[in-house]
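If you read the protein sequences in the order shown, they are chains A and B.
Everything in the first sequence is counted per my numbering, starting at 24 for the first residue and increasing by one.
Everything in the second sequence is counted per my numbering, starting at 24 for the first residue and increasing by one.
Please note that the accuracy of each hint is not assured.
Identical chains blur together in the list; that is why a pair holds if it fits in one copy or across any two.
Computed list of lysine-lysine pairs in DSSO-like fashion (alpha-carbon distance at most 30 Å, straight line) [said to hold, decoys possible]:
| hint | residue 1 | residue 2 |
| --- | --- | --- |
| 1 | K186 | K59 |
| 2 | K193 | K48 |
| 3 | K59 | K30 |
| 4 | K186 | K160 |
| 5 | K59 | K48 |
| 6 | K186 | K30 |
By construction, these hints were calculated from the structure, which means they are not laboratory data.
Listed below are the residues making up each chain.
Protein chains: 2
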Amino acid sequence: METFSSKLLQAAVEEFSRLPGIGRKTALRLVLHLLKQDQETVARFSDTMLRLRQEVVYCRQCHNISDQDHCEICRSPRRDASLICVVEDLRDVIAIENTGQYHGLYHVLGGIISPMDGIGPADLTIESLVERVSEHKQNISEVIMALSTTMEGDTTNFFLFRKLKPFNVKVSVIARGIAIGDELEYADEVTLGRSIINRTPYENMITK
Amino acid sequence: METFSSKLLQAAVEEFSRLPGIGRKTALRLVLHLLKQDQETVARFSDTMLRLRQEVVYCRQCHNISDQDHCEICRSPRRDASLICVVEDLRDVIAIENTGQYHGLYHVLGGIISPMDGIGPADLTIESLVERVSEHKQNISEVIMALSTTMEGDTTNFFLFRKLKPFNVKVSVIARGIAIGDELEYADEVTLGRSIINRTPYENMITK
Chain A
24 METFSSKLLQ
34 AAVEEFSRLP
44 GIGRKTALRL
54 VLHLLKQDQE
64 TVARFSDTML
74 RLRQEVVYCR
84 QCHNISDQDH
94 CEICRSPRRD
104 ASLICVVEDL
114 RDVIAIENTG
124 QYHGLYHVLG
134 GIISPMDGIG
144 PADLTIESLV
154 ERVSEHKQNI
164 SEVIMALSTT
174 MEGDTTNFFL
184 FRKLKPFNVK
194 VSVIARGIAI
204 GDELEYADEV
214 TLGRSIINRT
224 PYENMITK
Chain B
24 METFSSKLLQ
34 AAVEEFSRLP
44 GIGRKTALRL
54 VLHLLKQDQE
64 TVARFSDTML
74 RLRQEVVYCR
84 QCHNISDQDH
94 CEICRSPRRD
104 ASLICVVEDL
114 RDVIAIENTG
124 QYHGLYHVLG
134 GIISPMDGIG
144 PADLTIESLV
154 ERVSEHKQNI
164 SEVIMALSTT
174 MEGDTTNFFL
184 FRKLKPFNVK
194 VSVIARGIAI
204 GDELEYADEV
214 TLGRSIINRT
224 PYENMITK
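All chains, full assembly: derive it from the sequences and hints.
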């Protein structure tokens, strides 16, 4: 443990060190950076974190992070409300939004079924998804499952598929295949096999 | 630029991204971590940074970061006030304190003479060091220069040596156990500690 000539400095370094992936040297570097900024800059930094934690809420419909009862995506009239894309957490929402390829709504599960980590269906927003589909089933054309292509993702896909079956809504899973830019010879056999089974008409490729 | 469903979230990610070495993905990870903490934890984080910037002062004697007019090291009766160790910045103070090999006082220059970066003697606390040595010369047995073993460090050593010569105070340089070209803050503690024990009279340096 370092010796600091200032208790304020020590406290600040300790706060930063508690963040994931931030060691004590990095924490000190960040603190010294903040010290060099003017007071308003640091006040804004400080206030932003406080407000974030105190004021942020979760969308009542899709459980995405939000500033209001319903998030900006759920409120937007430009989004296709007949599509629901089911994701694990909000990082996935951001990743999909960044593709610019999806214009429907989301449903954030808040995790993935993982018995090893003690996460079961009751820990996720699955009941809320079932209610949402049940309530709006006339207006929902498709539920797209965009979960990780892991065993936990597959388990969750299977669980959701069975839960949604009674509502006669189309349920799809994002395509699994060779990543763009990857060389075929380095792809694993399971992915390569799946990409052959789920091959796409060439027309779909060029008219995307 | 990512699309966020919450302006609070976006603001928080942007604040973290402004810190050095923190990209947008890391910023998002840190923000999501803070969101998972309870309100008191985030309030303490926020408050610590604000207080750090607002309340921190610099020691009037050694220019180290401090909570009061004089820092804890300068105030301590257990420190040997006859020794002054001249360092570039407070990271070096922390590094030397961590070796447990030094029990004197410090003088923080606030940088190093570097014409390439436009930093001259007047930008540093050199005048203050000269006054300090002049004022306490009866009680000062040695000034130890612990600067980086770079060209800029050598230039600064030479400049300080000439400035301090009139006071007939012993001036030494930490031993070159540290590889030439390495920066002080990255040196391991054993090497750094050894280099303080084996400090060399400045004359030995220039006749090598």
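Outcome of the hint check:
no.	hint	in the structure
1	K186 - K59	between (55 Å within a copy, 29 Å between copies)
2	K193 - K48	neither (52 Å within a copy, 33 Å between copies)
3	K59 - K30	both (18 Å within a copy, 27 Å between copies)
4	K186 - K160	within (13 Å within a copy, 84 Å between copies)
5	K59 - K48	both (17 Å within a copy, 24 Å between copies)
6	K186 - K30	neither (55 Å within a copy, 34 Å between copies)
The structure does not agree with the numbered hints 2 and 6 stated previously, though it agrees with the rest.
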